[in-house]
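Protein chains in written order, with the working numbering: chain X, 7 to 294; chain A, 753 to 1164.
Read the hints as simulated data drawn from the structure, not as lab findings. Mixed in with the good hints, there may be bad ones.
Here are some chain X residues the structure puts well away from chain A; computed CB gaps all over 10 angstroms [claimed, not checked]:
#1 LEU11
#2 ASP67
#3 LEU70
#4 PRO73
#5 HIS100
#6 MET101
#7 SER108
#8 LEU109
#9 ILE111
#10 MET113
#11 GLY116
#12 LEU118
#13 GLY140
#14 VAL259
#15 LYS270
#16 LEU289
Keeping only pairs whose Cα atoms sit at most 25 angstroms apart, straight-line, the calculated DSS-like set for lysine-lysine is [stated by the list, open to error]:
#17 LYS930(A) x LYS1013(A)
#18 LYS1141(A) x LYS1030(A)
#19 LYS146(X) x LYS1096(A)
#20 LYS897(A) x LYS1096(A)
#21 LYS146(X) x LYS897(A)
#22 LYS897(A) x LYS793(A)
Here a beta-carbon is modelled for each residue, glycine too, at the ideal position from N, C-alpha and C.
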Amino acid sequence: MSIDLANQIVTGILTGLVYSLMALGLSVIFGVVRVVNFAHGEMTALAMYAAWALATWLDLDPLLGMPLIALVMFGCGYLLQRGLIDSFIAKPEHMQFILLVSLAIIMVNGSLLAFGPDAHGVQVSYGFDTYEMGPLLVDKVRLLAAAASLAFSLALMVFFRRSKTGKAIRACADNLVGARVIGLDVRRLYAVTFGIGTACVGAAGALLSMLIDVMPPTGPELTLLAFIIVIVGGLGSMTGALLGGVLIGVSEVLAGYFLMPSMKSMFSFAILIVVLVARPQGLLGGRK
Amino acid sequence: MPVSRFPFVSRRDFLAGTAAGAAALGVGGSLRPARAAQPLKVGLLLPLSGSLAREGQSCKRGADVTPALMADLGMPVQLMIADTETNLDTARTRAEKLIADGAEVLIGAFESAQTLAVAQVCEQRGVPLVINIAAAPNITEQGFKTVFRNFPTAPRLVTEGLALMKEMFKTSGTTPSKAVFMHNNDTFGTAMAGAVGKLFPTLEMPFPIVETISYDGAARDLAVEVGKAKATGADLLILVAHGEDSIKVIREMVKQRFEPKAVVSPGSPGMYEVQFYKTLGKYADYSLTNLPWINPHTKMSQALLTAFGKAYPDALFEMNVGFTFEAILIAADAARRAGSTNPKALLDVLPTTNIADHVMIGGPIVFDAKGQNTNTRSATIQNFGGRPKVVFPAEAAEARVVFPAPGWQQRG
């Protein structure tokens, strides 16, 4: 394997890890609340705008701004679920779809009004730096973003496995009736879960702002990407989201390198179709 | 000296100076108004939002300062500006609406596919379209009777761009051994790629193109594309990009330490735009673009530069400004010569346009039977300290070309 190809695969893995965190939020929300967040990418784009604003106006590095943005997004997600989405949970899926798509359209046009049509990118002082690791050249920004993404994802997994609230949320996901019988406050736990999902989006958005520029059409693109990742990895599976992100990141690189760069996105969709045909529940999704 | 810092020339000077070229403005015409002061209603279609918003806004800045200059020449115009949203369908519907609202001539639309859509509307409605910027050759190959383009076609851009490259190698005494060609896969980029593929073998270039890499300009990043280009071992990168993707390409080149002797565009936007300089800083320097550029030595260009500098002190004067100004000039000149603002009257006189005194480098603005101005000429501009400077042709040069460019890490 040539060094150039190895460099590209490393780039794909690192970028895929950041995508994973965004998709993780979608997976968590669906896995527990059973609502498909069609405004997921738009929320990510809002977090990217927030990171850009903090970097531009307060000179705050997105890596440092990430916890703040995740916290604010948690609050927004919590309130959104309690105030709006909760009343749609028992309603037909097409009504949930219309609600979330409406939210997405409002966010896209709101960002167009607030930030204009231009692309906004965060310039960090180390934006052009690379690490030499043997023969490999590793982009510093991607490495730091991927490391932060992985740390956030692992912390989330530990939270769900070890904490009382995390276990309660998993109980809601596994057996809703049982959770109600033992007296869990399901409404609150759903709101917390939605908040956690949007916190993932906040963290991922902050990290993505260092990798790609944000403009209003970025939101719908990211929604589509998040869907590809979670469907490939397995909707509702946290490790599936991580695997899906890396798989899509690497596959895009390989398609671009061996075939044609213009075919990168097409290759992701091809993988999606293959997975839907061969294993509809996703690579790590359980049969239900 | 940056092109935007020419000595102050007032609108009065502009009028007086341009009067000297009055005979050239119109076929044997005079600069005195030949018609009533009824302004020509000009429908201007530009991508003011969407992925080409930056370029569209740049064109609009050129348009904004033009009516006052036209009024000084006794050719009043009233602009009706519409946003195509960088969308083909929107461009078509906005063109329909402008005509319905009374536009007597349309100007636009910066991007080739949108321009073609607008051209079809104009042809159906019998309203002239003066193209400010759009390079796809098929626009003027379809037998349209209402389309007039004051911008070179992609093959012409490529032919002149490659010829200027040869001149640069000769002057610098350094010739690259092989090149890699990267291009955006939109209508413009594909047309340029087609022209490069067809013309390159015929121009006896002193290096081969070892690989052509087509990419999606809307891709989230271009890491793999640049990695693939680096893997070819080429020491020259020929790039056809737009604003956003040219930034992505250079950013990845720095990160991946891909250091060819130069990055040179045979005639695409991107590497001479404000955002390119702002985002990339020192890494924006030494990039080369071969394209039509403003001729700093005409009275009219000095007046335009002065007006532009006053209205937009922080903006950069780009090719988009000059061509948008000239498109309006062509329409206004037609109305003056026709003595009417009626679209049919304009269509009668537009084929005989002959404007010697204008702002861009090149001969008089005249149209061939297809409505194409064949007198446009390209220059080579190179970035120095966050500004583009003309390095070729020699008679318009503002600085000496630097080739090969210093490596990324060797820049202060």
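**Closest CB of chain A to the CB of PRO73(X) still more than 10 angstroms away** = holds (24 angstroms)
**Restraint check for LYS146(X) with LYS897(A), where alpha carbons must lie at most 25 angstroms apart** = violated (56 angstroms)
**Item:** Given hint LYS1030(A) paired with LYS1141(A) - CA-CA distance at most 25 angstroms
**Value:** OK: LYS1141(A) and LYS1030(A) at ~17 angstroms, within 25 angstroms.
**Asked** Within a Cα-Cα threshold of 25 angstroms, do LYS897(A) and LYS1096(A) meet the stated pairing?
**Response** With Cα atoms ~11 angstroms apart, LYS897(A) and LYS1096(A) stay inside 25 angstroms; holds.
**Prompt:** Is the Cβ of LEU289(X) farther than 10 angstroms from every Cβ of chain A?
**Reply:** holds (23 angstroms)
**Prompt:** Straight-line Cα separation of LYS897(A) and LYS793(A) no greater than 25 angstroms?
**Reply:** holds (20 angstroms)
**Minimum Cβ-Cβ distance from ILE111(X) to chain A exceeds 10 angstroms** = Consistent with the label, ILE111(X) stays out of reach of chain A, its closest Cβ about 15 angstroms off (over 10 angstroms).
**Request:** Classify the label on SER108(X) as holds or violated, using whether its beta-carbon is more than 10 angstroms from each beta-carbon of chain A.
**Result:** SER108(X) clear of chain A: closest Cβ-Cβ about 21 angstroms, beyond 10 angstroms.
**Prompt:** Given the hinted pair LYS146(X) and LYS1096(A), is their alpha-carbon gap at most 25 angstroms?
**Reply:** Roughly 61 angstroms separates the two Cα atoms, so the pair is violated.
**Request:** Report holds if the minimum CB distance from LEU11(X) to chain A is greater than 10 angstroms, and violated otherwise.
**Result:** violated (8 angstroms)
**Request:** Please confirm whether VAL259(X) is truly not at the interface, meaning its C-beta sits more than 10 angstroms away from all C-beta atoms of chain A.
**Result:** violated (5 angstroms)
**Prompt:** Taking only the CA atoms, is the gap from LYS930(A) to LYS1013(A) under or equal to 25 angstroms?
**Reply:** holds (10 angstroms)
Consistency with the previously given hints fails for numbers 1, 12, 14, 15, 19, 21, ordered from lowest to highest.
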